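Enquirer: Given next are the chains, with one letter for each unit.
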Amino acid sequence: MTKSRTLIRNKQTHGKFQWVNAAKSAVVYIILSITSLLCIFPFIWMILGATSASRDVSSGKLSIGLELINNFNKLNELIDLPRILANTAVLTICGTIVTLVVASLAGYGFEMYKTRTREKIYNLLLLTMMVPFAAMMIPLFRIFSAAKLLNNYVAIILPMAASIFVIFYFRQSTKTFSKELIQAARMDGLNELQAFFYIYLPTMKSTYAAASIIVFMSYWNSFLWPLIVLQSNDKKTITLAISSLASSYTPDYGVIMTAIIIATLPTMILFFAMQKQFVEGMLGSVK
Amino acid sequence: MKAHRSRGVVRYQNRSGWLFIGTGLVLTAIFSLYPVISSFILSFQTGKGAVYHFNGFGNIIRLFGDTVFRQALSNTFVYFIFQVPVMTVLALTIATLLNDPKLKFKGFFRTAIFLPCVTSLVAYSVLFKSMFSTEGLINKLLMNIHLISQPIPWILDPFWAKVLIIIALTWRWTGYNMIFYLSSLQNIDPSIYEAARIDGANKFKQFFYIILPLLKPIILFTTVMSTIGTLQLFDESFNITNGGPANATLSLSHYIYNVLFKFTPNFGYAATISFVIVFFVAILAILQFKMAGDKND
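Chains as they are written, first to last, in the working numbering: chain U, 1 to 287; chain Y, 1 to 297.
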């Protein structure tokens, strides 16, 4: 067996084969390089754009300019940037915390205390994961307008905190959690909630990290629902600000690119700082 | 004695179970389950403001005569039919190339191709809008390399506007799908390739007869997710083209938004349109499961 394997390998690395292999791998590198360039290019464009005057961005000039400070100042004149960033941060941080608490408790509960009734409920919830948001949007809007909570971040956080996807994610991860640990904690006299907070939570740190990235992203980048719910300017988030800047009749793209960089920076930093957890969170439920 | 004790434990455990899922359950019941049911009921009603009355199949009949709806439906299907397969094939190809253990700069390629996923849908939509404007960068580049002699009206032409949305979607989501495939590929036991090689299967045969069947569940998962995503498309349609020109890129979700907030709001009719999306998501998901299941036998 080992002998035949080495024979095959030898055959591949001989003469003509070697040449063909070199050509093949060159093609692979070219394909991957072009794809990478295409993927990175809009980021370069964004950076160049933020340093250029609107006229140069609109005419597709690919060069670095000297307008960055100017664009930033103009952006500050057009929108209340500190306020908008503070809004987005408050919404994102509160939302992420609430969602993680609710979803991890539920995911843990569904997995650790299985009963037939709860399995049925769980399957029903999974089914609603297939229902597009558009179908829930209208009753949600009516609920919050009746509760006089439009223009309030509560109206964004509550529906998103009930994310079945995140509950699902935590349940899937809990499957790998050793139940003996909880059993041991019970023996030591911890009650169920204590066991969750003192044993489960510290053990599942990486799950929380991955989930928090995904949830963070979904709040920071959310658009359609905030567009509907947040009606006054002093509540607007950064995605709403970018969208309204870009939809004006004479959009100033230099300024807009500056705003886009500011909006993308937090998620970008998160990605490079925690790449492993970031990817894990994206893959999340599938594993 | 023992039975009695364990019954007590069971009851205690059962109560704890409800305790843990309680908040989540209340929230999902109010903000997921109730809206779905309420929306379904609403789809058979019509009215304005707060007063709604039963309308039978009136809304559904109205759908058939609504040319904007038909346009939005066909746009959404164009996105779905062209974008999802193109992206899936691209993502599979890239993942397969990246899975080569001898490949150098793998980390760089993977990070670069995944990078579009960190952008918000609004941010990348606006980026694409600026790159593809008629006097903009892409036209300039294409004209410089003499691929085209006149600028393409990406945003102003019904055909090219759809192409633009498809290009944008593909840029944003290919890396995302690629990561799923790559992680599945890495979970495949290397001895399987080894065995195939010994049996004389070349790279193509290996891909079609070994890798593809093993990846089937994950491909199914990603295509179902992409289907749901494409049918719900909103941010791109809203921010790149604003549904234009003349509704040529309007997505179903965007049309719902317009019915709700742009025209005189009719919640009932908007709910009916939203259930068209639910209907197609269900049909397409079942179809995809069926197709994947059949090949399994």
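Treat each hint with caution, since some may be false.
Over the 10 Å line for every Cβ pair with chain U, so calculated as not near, a few chain Y residues [unchecked claim]:
id : residue
1  : Ser16
2  : Gly17
3  : Arg62
4  : Phe64
5  : Val68
6  : Phe108
7  : Leu212
8  : Leu214
9  : Phe234
10 : Ala248
11 : Ile277
Only pairs whose alpha carbons sit at most 35 Å apart, straight line, appear in this in silico DSBU-like list of lysine-lysine [claimed, not checked]:
id : chain 1 : residue 1 : chain 2 : residue 2
12 : U       : Lys120    : Y       : Lys106
13 : Y       : Lys205    : Y       : Lys106
14 : Y       : Lys203    : Y       : Lys216
15 : Y       : Lys106    : U       : Lys24
16 : Y       : Lys216    : Y       : Lys205
17 : U       : Lys74     : Y       : Lys262
18 : U       : Lys235    : Y       : Lys140
19 : U       : Lys120    : U       : Lys148
20 : Y       : Lys216    : Y       : Lys104
21 : Y       : Lys262    : U       : Lys114
22 : Y       : Lys104    : U       : Lys61
23 : U       : Lys205    : U       : Lys175
24 : U       : Lys74     : Y       : Lys140
25 : U       : Lys276    : Y       : Lys140
26 : Y       : Lys203    : U       : Lys276
27 : U       : Lys276    : Y       : Lys48
28 : U       : Lys61     : U       : Lys74
29 : U       : Lys114    : U       : Lys205
30 : Y       : Lys205    : U       : Lys276
31 : U       : Lys114    : Y       : Lys290
32 : U       : Lys179    : U       : Lys24
33 : Y       : Lys104    : U       : Lys235
34 : U       : Lys179    : U       : Lys114
35 : Y       : Lys203    : Y       : Lys106
36 : Y       : Lys48     : Y       : Lys203
37 : Y       : Lys104    : Y       : Lys205
38 : Y       : Lys140    : U       : Lys61
39 : Y       : Lys216    : U       : Lys175
40 : Y       : Lys162    : U       : Lys120
Just so you know, these hints were derived from the structure itself, not from any lab.
A quick note: this is a predicted structure, and the numbers were derived from the prediction, not measured.
The beta carbon of each residue, even a glycine, is placed where N, CA and C say it ideally should be.
Enquirer: For this structure, which hints from the list above don't hold up?
Expert: 1, 2, 6, 9, 11, 12, 18, 21, 25, 27, 32, 33, 36, 40
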